[in-house]
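All chains should be modelled from the sequences, with the hints used to inform the complete structure.
Respectively, the protein sequence lines represent chains A and B.
Residues in the first sequence are numbered from 1063 upward in steps of one, following our numbering.
Residues in the second sequence are numbered from 1063 upward in steps of one, following our numbering.
Do not rely on the hints blindly, as some may be mistaken.
To be verified - Dumping the calculated SDA-like pairs for lysine to any residue here, alpha-carbon to alpha-carbon at most 20 Å:
#1 B:1249 <-> A:1104
#2 B:1249 <-> A:1283
#3 A:1104 <-> A:1085
#4 A:1249 <-> B:1322
Said to hold, decoys possible - Facing chain A, according to a computed beta carbon distance under 10 Å, are these residues of chain B, among others:
#5 1270
#6 1311
#7 1315
#8 1323
#9 1325
#10 1339
#11 1354
As the list claims (entries may be wrong) - DEER-style ranges, computed between Cβ atoms:
#12 A:1209 <-> B:1131: 36 to 46 Å
#13 A:1212 <-> B:1193: 48 to 58 Å
#14 A:1131 <-> B:1212: 48 to 58 Å
#15 B:1090 <-> A:1209: 30 to 40 Å
The hints are simulated quantities; they were obtained by calculation from the structure and are not laboratory data.
Glycine residues also receive a C-beta, built at the ideal position from the N, C-alpha and C atoms.
2 protein chains.
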Amino acid sequence: MSKERVAIIEVGPRDGLQNEPITVPTEVKLAFIKHLVDAGLKEIEATSFVSPKQIPQLADADALWPQLPVGPAYSALVANEKGLERALAVGVKRIAVFTAASSPFTERNIGMTIDESLVRFRSIISQFRANGGQFVRGYISTAFECPYAGKIEPKSVIRVASELFSMGVDEISLGDTIGTAVPVETKALLRDITGQFHPSKIACHFHDTNGTAIANVSESLNFGIRRFDSSAAGLGGCPYAPGAGGNLASDDLVYFLERSGFETGVNQSALAQASLQLLSVLEKSVAAHAQLSALSRVSKTQS
Amino acid sequence: MSKERVAIIEVGPRDGLQNEPITVPTEVKLAFIKHLVDAGLKEIEATSFVSPKQIPQLADADALWPQLPVGPAYSALVANEKGLERALAVGVKRIAVFTAASSPFTERNIGMTIDESLVRFRSIISQFRANGGQFVRGYISTAFECPYAGKIEPKSVIRVASELFSMGVDEISLGDTIGTAVPVETKALLRDITGQFHPSKIACHFHDTNGTAIANVSESLNFGIRRFDSSAAGLGGCPYAPGAGGNLASDDLVYFLERSGFETGVNQSALAQASLQLLSVLEKSVAAHAQLSALSRVSKTQS
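Structural data, given as structure tokens:
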């Protein structure tokens, strides 16, 4: 019997890079993305149309976008109407908007309450659709815990999800932003939220800060979730040291899913190699568990 | 309601150190163990009575044992009758013996087939009991996959477990030696083996080589397993680079269990700090996910 497909939404080029202090040249980003495409990734969040002052690393979004290698479904984060204009100008068809389940978090992160962000999104999404926009993802950050407000109740997440779906978002992505969630919490949230929205419209975005990301993915599969965000080599959200997981590494996610009997379409060795050049530019060492395993297998094969 | 206790068997001083190329002085090991005890660990595999030529790092077992801080239940690995004599001479009451579910593995690792190792253990355990020995653990390595023989069927593990229990072993520890297992495999093995032996007599020893250890622990809890092996800071079995998990880090295990509503009795900050001096001697950087989180919380509290 053929295997069931699980979709991986690769966020390395956007979420992975956005906080890196070393500016990555556009051509290095393009080479990185080309390698990701060659490795088999089919959905890639390529960049963000936000203020270049706020995120200098992604200031080249307008230049990068038209040069993206053909094949995958690319998306871009859009923060406001100015960003939407820029995105539309280069033909972006899939956007993501960013809010959270905790207002103290959105206030510090995007300078608005949740409700203020939702008002803005309604307008952005409406304009995007009117200009041929095809797909909108709504990030709900701090879906389990907020660094300022503590643990988040599922009902807070469901309220934001309802608002986002009501304004025509195609998919929500539930973020364990500080990587503290464990499967009992994932179970509690997904049981409630999949009771109201079909799991095909829900992606999960786990961070590996405390080593629990794969356990949470494993639990999510029990609720029919088949879409997961991850970042090649675990790039991004890694405030302390290499190896200290922020984003779940795509390498670990692919390993886990394939070994568990699902199909990802991603070649593990090619994925492991995709990040090497970029890691070198970022002056970082190899970090993902499965990336090290894959590279070790490659070097054994080659020797 | 009070929480359910889960036991952590700390193997850092033995399994964590045995392959480290830098020899750790006995007094540094003792300080490390003292910190582990202060952090709340109650079962510690402290050393191994094996040939000093084979494992020079643990050649000080006879000197170390009498100096261990009082409190925990200590155990030591014993490989043969000579090792048993040495262990009995310093008053060891809890031993571990080491075999596997794959003969190609035992042949390369301990120079015997599984059955030859079992014959040896029967004699060792009998002598140990006759000399006041109180507790015997039987390691079953490669319980999921062998690097030489490939995937291992649960029935192979159950056969070895039956033999070990029949010779009076108190507990078996199922090892995912190369860290490839995922929860569907854990489920398959534990469903079969807990059908024959009570889960209280089974410990699980997962490696985090591919980032799946916590997911496997999470699955094991569903089968009543309440005893897990781990190593402070993930020491041991880390052939490639710091951060590339071999042993599951006790730090990650404690974080996961406590957050999941279980009681471990281990203080996460104290545990994170316990390894720091040792890591410095080993010239290694901090590696465990939760250790980094805990140290970050400590430094925030202190600043």
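Looking back at the numbered hints, which does the structure fail to meet, lowest number first? Checked against the structure, the hints that fail are numbers 1, 3, 9, 10 and 14, while the rest are satisfied.
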